[in-house]
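Engineer: Line by line, the protein sequences give chains A and B.
Heads up: the first sequence is residues 141 to 383, going by this note's numbering.
Heads up: the second sequence is residues -13 to 273, going by this note's numbering.
Derived by calculation from the structure, the hints in this document are not laboratory data.
Check each hint, because a few of them may be wrong.
[Unchecked claim] Covered stretches of chain A (in silico footprint by chain B; criterion: 3 or more residues with CB under 8 angstroms from a CB of chain B, positions within the stretch not fixed):
1. 187 to 193
2. 212 to 218
3. 224 to 235
4. 240 to 246
[To be verified] Here are the computed distance ranges between Cβ atoms for each label pair:
5. B:R267 / A:W228: 57 to 63 angstroms
6. A:R153 / B:A81: 24 to 30 angstroms
7. A:Y154 / B:R162: 14 to 20 angstroms
8. B:R162 / A:A149: 26 to 32 angstroms
9. B:A81 / A:T197: 50 to 56 angstroms
[Claimed, not checked] A few chain B residues that don't get close to chain A, going by computed Cβ distances all over 12 angstroms:
10. L6
11. P52
12. L55
13. T88
14. V96
15. I98
16. V100
17. L116
18. S119
19. I134
20. L159
21. F206
22. R208
23. V260
24. T270
Since the structure is predicted, the reported quantities are computational estimates derived from the model, not experimental observations.
The beta carbon of each residue, even a glycine, is placed where N, CA and C say it ideally should be.
Here is what each chain is made of, one letter per residue.
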Amino acid sequence: MTAAIAVDALSVRYGEVVALDDVHLDLQPGRVCALIGMNGSGKSTLLKAIVGLVRPTHGTVLLDGESPARARQRGTLAYVPQSEDVDWRFPVSVRDVVMMGRYGRQGFTRHPRAEDRAAVAEALARVDLTDLADRQIGRLSGGQRKRAFVARGIAQDAGILLLDEPFAGVDKPSEGTIVRLLRDLAAEGRTVLVTTHDLASVAALADEAVLLLQRVLVHGTPAEVLTPENLSRAFGLETGADR
Amino acid sequence: MNPLDFLLEPLGYDFMVRALVTSVLAAVVCALLSCWLVLIGWSLMGDAVSHAVLPGVVLAYVVGAPFALGAIVFGILAVVLIGAVRSPGRIKEDAAIGIVFTVLFALGLVLISVTPSQTDLAHIVFGNVLGVSTGDLIQVAILAVVAIAVLLVKRRDLTLYAFDPTHAHAIGLSPRLLGAVLLGLLAVTAVVALQVVGVVLVVALLIIPGATAFLLTERFGRMLVIAPVTAAASAVTGIYLSYWLDVASGGMIVLVQGVLFALAFLFAPRHGVVSRLMATRARTTAL
Chain A
141 MTAAIAVDAL
151 SVRYGEVVAL
161 DDVHLDLQPG
171 RVCALIGMNG
181 SGKSTLLKAI
191 VGLVRPTHGT
201 VLLDGESPAR
211 ARQRGTLAYV
221 PQSEDVDWRF
231 PVSVRDVVMM
241 GRYGRQGFTR
251 HPRAEDRAAV
261 AEALARVDLT
271 DLADRQIGRL
281 SGGQRKRAFV
291 ARGIAQDAGI
301 LLLDEPFAGV
311 DKPSEGTIVR
321 LLRDLAAEGR
331 TVLVTTHDLA
341 SVAALADEAV
351 LLLQRVLVHG
361 TPAEVLTPEN
371 LSRAFGLETG
381 ADR
Chain B
-13 MNPLDFLLEP
-3 LGYDFMVRAL
7 VTSVLAAVVC
17 ALLSCWLVLI
27 GWSLMGDAVS
37 HAVLPGVVLA
47 YVVGAPFALG
57 AIVFGILAVV
67 LIGAVRSPGR
77 IKEDAAIGIV
87 FTVLFALGLV
97 LISVTPSQTD
107 LAHIVFGNVL
117 GVSTGDLIQV
127 AILAVVAIAV
137 LLVKRRDLTL
147 YAFDPTHAHA
157 IGLSPRLLGA
167 VLLGLLAVTA
177 VVALQVVGVV
187 LVVALLIIPG
197 ATAFLLTERF
207 GRMLVIAPVT
217 AAASAVTGIY
227 LSYWLDVASG
237 GMIVLVQGVL
247 FALAFLFAPR
257 HGVVSRLMAT
267 RARTTAL
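Build out the structure end to end from the sequences listed, making use of the hints.
Structural biologist: Next comes the structure, spelled out in structure tokens:
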């Protein structure tokens, strides 16, 4: 089977700084994968390389066997940004944000057609935000904001969803809602790649986990990956000594 | 005086009619663009590009080319230079912007001083809406209509670019292209506006209406109505006041915009100072 995401020998350097070094990662469709690592481990850079926002110094990324540029044209990729990368005062409603998922399929002016409105309404219902659809996006709770952006990916009908720190600033009940939503999306055959440093949620969320520290340290089931030895390597702890 | 005379007497002069039409057109196109500029955080960029077009306009005047062409060339040159100065990393972006636009503006001033028809060009710096010729008016109208058409037709893409350029990229659009479109429109709009208020005050028309609208609504679609309406009202009021008080018309237009901004800042329903104070008081008494 063609991997949904195939990262091969990927290196990214920013000047002298090595962000990613010879990363290999294959993800099959229908899986949820948690990308774990400390700040500066290269998690965000890896997501950006998959989206095509940073140019690899070396190596390749293939999405459903195609180049990232082709995958973007086809609307395969949905990206849920980190909270701090969004201007929450921006004068758009929840519905407006979800509609942005349809732009790749629309005409020159992005004028919404009946099928676009229907897809947006369906996506909003799916994440349980129908009642809040006309709210300004910043007037949602942390968890609702994340669901709005996931709804954008659903409206886009993206096969690959990338989420950057979706649980930051989200309370526990909302986290559970998001985890169930992502599991459902994977059950439909979509591929979900999530960066997180919230280790507690990984077992419930992910089929597989990757520990990243510039390179892939371990890749396996959450139980295989989240051992004390592995974590101390990934997070550079002297096995709890400096706690 | 009869209030009707207050409105009708200036219209007896052709130059006043041209001034009114020109300033309303310029105010409206600037106001539309300002809605995106204030949301992206490009106020300083607007200031920079509007100043940096000066040498382009002067050179276009000298060789007899359309002002807009010279303005776009120098607008793009300014953006490229700002990027070049900033990219090695030693000089921060605000310093790079400050250096590039002031130097290009200075070049424009020097070029004006060696160009024969000095009085004509000095008006570009401070604006001379009462001296707008029919030819100027036609040029302004064409540029304004083109800019307004592009902004309205591509408004959804531009808003997406302002809100979430990463998503724009992820669905196969080009954020760079959309940013370049906005910068190109900025240069064109600067040419339109400098006829009215002059290079020095163009940035006011490019920021204040959008900022005022942003205080008054949380819907982008409404901003695109409120900003041009307040800007057009300011232009008309400013021109009339300048006629009856015999003061600088460009300055008066910007002053009226400033007054409207101040009113919105104080009394906007949700984001005004007064309503926020009342909300805080209501919360503290409730506790």
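Engineer: The structure should be examined with respect to each hint, and the outcome stated for every one.
Structural biologist: Evaluated hints:
1. Against chain B, the segment 187 to 193 of chain A contributes 3 residues with a C-beta closer than 8 angstroms to a partner C-beta. That satisfies the three-residue criterion, and the hint holds.
2. Coverage of the segment 212 to 218 of chain A by chain B holds [criterion: at least 3 residues with CB-CB distance below 8 angstroms; count 6].
3. With 7 residues having a beta carbon nearer than 8 angstroms to a beta carbon of chain B, the segment 224 to 235 of chain A meets the requirement of three or more and the stated coverage holds.
4. For the segment 240 to 246 of chain A, the assignment as covered by chain B holds, since 4 residues bring a beta-carbon within under 8 angstroms of that chain's beta-carbons and 3 suffice.
5. With their beta carbons about 25 angstroms apart, B:R267 and A:W228 fall outside the hinted range of 57 to 63 angstroms.
6. For the hinted restraint 24 to 30 angstroms between A:R153 and B:A81, the CB-CB distance of approximately 27 angstroms keeps it satisfied.
7. Distance hint check: the CB atoms of A:Y154 and B:R162 are about 19 angstroms apart, consistent with the given range 14 to 20 angstroms.
8. At roughly 27 angstroms, the beta-carbon separation of B:R162 and A:A149 lies within the given 26 to 32 angstroms, and the hint holds.
9. Distance hint check for B:A81 and A:T197: the Cβ-Cβ separation is about 30 angstroms, which falls outside the suggested range of 50 to 56 angstroms.
10. For B:L6, the condition that its CB be more than 12 angstroms from all CB atoms of chain A holds, with the nearest at approximately 31 angstroms.
11. Here B:P52 stays apart from chain A, with its beta-carbon at least about 27 angstroms from theirs, past the 12 angstroms limit.
12. The beta carbon of B:L55 is kept farther than 12 angstroms from every beta carbon of chain A, the shortest such distance being approximately 26 angstroms.
13. At roughly 29 angstroms from the closest C-beta of chain A, the C-beta of B:T88 stays outside 12 angstroms, upholding its exclusion from the interface.
14. Here B:V96 stays apart from chain A, with its beta-carbon at least about 38 angstroms from theirs, past the 12 angstroms limit.
15. Listed as a non-interface residue, B:I98 keeps its Cβ farther than 12 angstroms from every Cβ of chain A; the least gap is roughly 40 angstroms.
16. The Cβ of B:V100 sits about 44 angstroms from the closest Cβ of chain A, beyond the 12 angstroms cut-off, so the non-interface label holds.
17. Against the 12 angstroms criterion, B:L116 stays outside the reach of chain A, whose nearest CB is about 36 angstroms from its own CB.
18. With a least beta-carbon separation of about 35 angstroms from chain A, B:S119 lies farther than 12 angstroms from that chain, consistent with its non-interface assignment.
19. The Cβ of B:I134 lies farther than 12 angstroms from every Cβ of chain A, with a closest approach of about 14 angstroms, so its non-interface assignment holds.
20. B:L159, annotated as away from the interface, has a beta carbon of chain A within 12 angstroms; the closest lies near 7 angstroms.
21. Listed as a non-interface residue, B:F206 fails to keep its Cβ farther than 12 angstroms from every Cβ of chain A; the least gap is roughly 5 angstroms.
22. Here B:R208 does not stay apart from chain A, with its beta-carbon only about 8 angstroms from theirs, under the 12 angstroms limit.
23. For B:V260, the requirement that its beta carbon stay farther than 12 angstroms from each beta carbon of chain A is met, with the minimum near 19 angstroms.
24. At the 12 angstroms boundary, the C-beta of B:T270 stays outside the reach of chain A, the nearest C-beta of that chain being 22 angstroms off.
Of the numbered hints given earlier, the model fails hints 5, 9, 20, 21 and 22; all others are met.
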